[in-house]
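Protein chains in written order, with the numbering used here: chain D, 1 to 375; chain V, 376 to 836.
Treat the hints with care, since some could be wrong.
Unchecked claim - Straight-line distance between alpha carbons at most 27 Å, and here's what the computed DSSO-like set of lysine-lysine pairs gives: (1) V:491 / D:160; (2) D:319 / V:621; (3) D:313 / V:807; (4) D:140 / D:233; (5) D:338 / V:665; (6) D:289 / V:807; (7) V:723 / D:318; (8) D:313 / V:810; (9) V:491 / D:204; (10) V:807 / D:204; (11) V:681 / D:313; (12) D:213 / V:696; (13) V:723 / V:807; (14) D:233 / D:169; (15) D:137 / D:226; (16) V:644 / V:704; (17) D:319 / V:826; (18) D:240 / V:650; (19) D:213 / V:681; (20) V:803 / D:210; (21) V:617 / V:665; (22) D:213 / V:723; (23) D:213 / V:807; (24) V:778 / D:213; (25) D:169 / V:478; (26) D:313 / V:665; (27) V:778 / D:313; (28) D:137 / V:826; (29) V:723 / D:313; (30) V:704 / V:650; (31) D:289 / V:810; (32) D:285 / V:803; (33) V:778 / D:210; (34) V:644 / D:285; (35) D:285 / V:665; (36) D:285 / V:617; (37) D:290 / V:826.
It is worth saying that the hints were derived from the structure and are not from the lab.
Letter by letter, the chains look like this.
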Amino acid sequence: MKRIKLGLVILTFLCLVATNAQGRIKLVALPDRDVTIIRLDNPDASLVEEERVLTLQKGVNKVDFSWKGVRIDPDSIRLRVLSHPEAVQLLSVSFPPKEAALVWEIASPEGWEERVRISYLLSGIDRLVEYRARTEKDEKNLILNAYMILRNFSGEAFEKARVFLNSAKAFERTIRNEETKRMLFLTAGPIPITKTYTWDATVKPHDPDKVSKTVGIPVHYVIENKVSHGLGKSALWAGKARIFQDDGQGTTIFIGEDRAAFTPVGDRMELYIGDTREIKVTQRKMFEKKMNIRRNNRNAIVLYDTDELFTVKVENFKKEPVTITIIEYIPGQWDVEKANFKYAKETANRIRFLIPVRAHGSETLSFHYHRRNVR
Amino acid sequence: MRPACKNREYLRHIMSFTLLVLIVLGPATPFLPLAVEAKVDLVTLPERDRVQMTIYNTADLTLIREVRRLTLRHGMNRLQFGWANTLIDPTSVSLRALRNPDKVALLDVTFPPRTKGVAEWNIDSGIAGEEPVEITFFTSGISWSAFYLATLTPDEGAMDLDGYVRVTNRSGEDYANAQTRLLVGKINLIDRIIDLAKRAYPYGRPAEIAVRPTAPPEAKVRLEEAERVMMKVAREAEKRPKEIIKEALSEYFLYTIEGTETIPNGWGKRLPSFKQSGIPIVSLYKCDEKRWGNQVRRFLQFKNDKDHKMGNEPLPGGLVKVFRRIDEKAHLSYEGADTTRYIPIGEKVELDLGEARDVRVRPVLIEFRTDNFTFNHRGDLSGWDEHRSFRVEVSNFRFIPVKVEIWRHFGTAHWDLVNSGDYGLYEKLDLKTGKYSLELPPNTKKVFTYKLTTHHGQRAD
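If we strip away everything but chain D, and leave its shape as in the complex, we get (with noise of 0.2 Å):
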């Protein structure tokens, strides 16, 4: 399934003679590819690159490189000599028409053998990230391990390939075309585990007892990636990530999947495991009223304060503490008279409260706030 083809022309001084009569000439050695590099560092394009040694004549010598049925981009194509880089030199390069295919024109001062590098981005090939996770019992750490999934269906085949996903680490690996290989990167761990619950009052039913399922409310690890915390050594890349959870029978359950964002050293990340259904949120609106009227001459409202009550309980059914972040939106201008809980304001329009709830235990905040002049 080799399709990528390096072909060396002997341009021999028989042009000199025939000056007119030259077509273009095909293959006339093949020689194999000694190392192969894919790197997989950009996810958005897969980078290879291949050293092979050619026999150059001295004078100008033609390589004719060709991958047909193989999606090279052509522009990136790069040559680079290495055996005798201050020597050899690269003329030119041409495109035959209708041909994926181009020529090298080369001039070498002595017949030798010259080992170049060639480096191209190739399309149908690339990777993936997926983590597993395995928290223990008591969900206070986990051990993560990150693997890479190589993807051919480049259209070529690649023998003892050195595979980079970043600069750390890789792997030889021969790789058939339309293959999937999956290759652990990353073991790393204990690396303790942050448990979020998260009700937002735009997202979630507020009277749960009017819904005929019971409302789940989401539950989030967050893990940083920090030294300190087991990680820290390079960025996270973005996958898929499923954890598991030690059951205690020596086994483990699942305990959810979701999506892992791209996580560089020194930030969190976020991964929502699952709905719980032992926290039970009731959200109810018990006063709005209008206040600091202004009136223009026709005695029509044109400018007034609200006084605005909102109750929200929080019940635990679990036989743990737990602490429940509750997120609340006020539009416009606005202050608290009185909360019974501490917030935190996220944004001008978004609040946050932190509040802890004992085993079998319940909870209600009261937010009691105005609105400023609205018109």
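Once you have looked at the hints, place chain V on chain D.
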């Protein structure tokens, strides 16, 4: 000489319906021929030693874990795992050495070109000999659901509740003598397992558009064989119902069924999960015009807690069929059915049995007037008050005491309310809603009135 031909024939035979694991000895050579027969130098076909199924109820997903004994040799081993005609997610297939995890290194997993349902592991083994390995994967097609049978006492003061779990296997694969576990919970899934199982390539192609979801195929049932397996298992089974051990894990509950189960493809199985008698219940009737119009709905109310002889486990959502014992000879009448939501420990349960005929709530508007008109500078009407008096007649025609809850919606946030008469307990639910809760002895009637003043236009400012 190895009986390779015979084995190959056997292999082809079972390929059509079962998972297989086989070892290819020798260095992992590239560019193996593609046909299955030609591919292998078959040495052993280890049977499953143990199988564990963890079945999920909110997603079509089952985690299968099986232990097999592989005979490894020093150096490179190639192991092939095939799952043709099943609903297995190839991306989930993984393998782990159990006894010598440090000496048995998994180099990679390869999904060979133009081959469906096959994975090859390259294993670098530092040991020679037998090694138990654990193979895990996800499959679609096995499901479980909860089912309940409730039996009321003749006076409807208490209830017996029998909980069951029903497991159905339509995965294309038989699972014999499997430790069976059921997971109660709502996990996040970003791909359906059935879609992953049906992909042409395990991880798709680069820049490939996602496959269109398809319905799971109807399982082919091989009745005779399945019956034979079932009969064998039945003979071996003990003469008492199996216990189900329940444990909270993360945000979920794990039900582990005692012993092992055999569930051939196409079969379902119902197992008792719990049994509780004498749960005190309240006959609750609800009236909310917004939700049910003029109907009064009948509910059975109890709590999943110790006071109600429950509270050992959450109740997974499922169908509840409610009966009532009507005489000394335990004859039954059918009262209705409801599909419950998931009920955590400590939460109240309200089974909706539908429209009630023998408890009646009649709210009647008996007086209406308006006043306090205001006018704007042009002399147009700008505000007013509306006064309504409602008389609510609540009748219990039943021979048992009942609790009645009545929701009233005021349509505006600007109102005043005066209650009078036998209105029980009044509660402001939110800025536009109030609720009355009454208790009525058998065959009684209660009447109350409320005067509602609502402010409109400028009067509401």
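Review point. When the hints from earlier in the document are held up against this structure, which numbers fail?
Key: Numbers 5, 9, 16, 17, 18, 21, 28, 34, 36 - these are the hints that the structure violates, sorted from lowest upward.
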